[in-house]
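**Q** Protein chains in written order, with full-length UniProt numbering: chain A, 1 to 294; chain B, 1 to 198.
Covered, in the sense of this in silico footprint (three residues per stretch, anywhere, with C-beta under 8 angstroms from a C-beta of chain A), are these stretches of chain B:
no., segment
1, 130-144
2, 147-161
3, 166-179
It should be emphasised that the hints constitute simulated quantities derived from the structure, not laboratory data. Cβ coordinates follow ideal geometry from the N, Cα and C atoms, glycine included.
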Amino acid sequence: MVWGQYANFQCFSNSVKNVVGTTEKAHFRNELILSEPQMDNPPSATLSPPPWEVLVLVAHYLDPKTLAIASCVSNSWSSSMSSDHLWIPFLTAHFPSLSNLPSSSADAVSCRRLFGIGHSAVKRRRKNPTKLKLSLADLVFAVSISSADSSVFSVTKSGESLVMDPPGVFRFDVGFGSDGAAVEESLKEVKITWNVILKGWREVFTMMSCKGKINFVAGAEGWFSKELPAPGCCSSAVGSAVVADMYVGLMCGGKRSNGKVKVNKVSVGILSVVDWRYISVQDGLRYLQHFLLT
Amino acid sequence: MELLCIRQWISGLLPTWLSAWCIKPVGGALVRQEPEYILLALMGSPLKKIMLCSSEKEIFSVEEQVMVQHSVIINNMIEDGSYNHEESKIPLDCVDSKTLKKVIDYCTHHTHHHNDNQEDLEAWDAQFLNVDSNGLYDLLMAANYLEIRNLLDLIYGTIKNMIKGKKIDEIRRIFNIKDHGFTPEEEEQNRKEYPHFY
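Bound conformation, chain A alone (with noise of 0.2 angstroms):
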């Protein structure tokens, strides 16, 4: 009979159309919300375990996290919900990286799998920063310029004194004004020191401890990094993307000081080298956190 064959046709080549044509819709659909009046009803009494068709048709409605929990509840429902079919799409979709190594490597593994650890994965990566137990007022700045015979400047500030320049990152102005000797113009071989104390004298990390050279000119400026240690689990050899940096800008000493040269003002940071930002406050304290307080 011509209709039978036709209807029985076109229901095979359209349950095969309907499964693929939903997949790509189930993620722009809106969901009716019946939970209530079906809820309402104690499922166990009216439900009975699905058959497999309606298994492997659902399974292609469903979100990936919908369907790793469906996948885990039964042995029928693994096997029709864990195909690698209904998980490459989500795989290739969420995490392209990952999608090439079902086929590149000699030991098998199911797309499934691969979605689970590839999601923990980023919520490995995505790490929440420490709590911040230190504020600025708990600090003590100590920087200090000397050169071979004398001290060119030495300032102590107490962090809550401190100015941000500029304001959200952690670079501070430490001194400026007519505070320290005045030198003769020449270049001069300076050591210059940052500490970080803990009020109260509890604990100190020194910033910056080193040599080098300041021309000692009327307007001229000097920069100064050193490189600041991890602080994190791996030895010395794994460096920190950050440096501890200071700013040293001079001036004419004044009429008095017969063309002598003061230092004027005088800055100090922590400036990473990824991208040569300093950072923002928040991350130099909970740097220093791990070095004052732990």
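Starting from the structure of chain A, add chain B where the hints point.
**A** Quick look at chain B alone, frame taken from chain A:
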């Protein structure tokens, strides 16, 4: 009058749900169906009925518009032109009488009440799905066979809501799965891989 004016006048006579039909899929492409032909077809026999034959050989008579609007399969069958309204009946060997009756019920309600507001329709849908589980699964298979998109979405959504966000034990209880069939090693591995599902 120009042809364009005549067509606009005829389009104005058609009910809105039918005007939307003036663009319909034919052979995989979207083809604009001239409204005057639709009107003529309608004027011929306004409540044309078709016969659907269930697997138990029971015949159901349904308005053609109702089934054609919802079921892609039946729409294709009618459009091909090989369905003779006087003699033929469409055999649906995959669908039993009880389920076919439910499906016809759904399509008829949605055609006649499509202008109702969303909450009423949803409430009716919820009541409609208040069947025992075998009925639900049969409905799903029938909707899949007949390609009734909105009924399929409805049932998929319901089953998905039964699984989504629940713990494994709860799902086993809901679907009355007494024995999960995993070996102890498999169950252990599942628990290690997805601890938050248990």
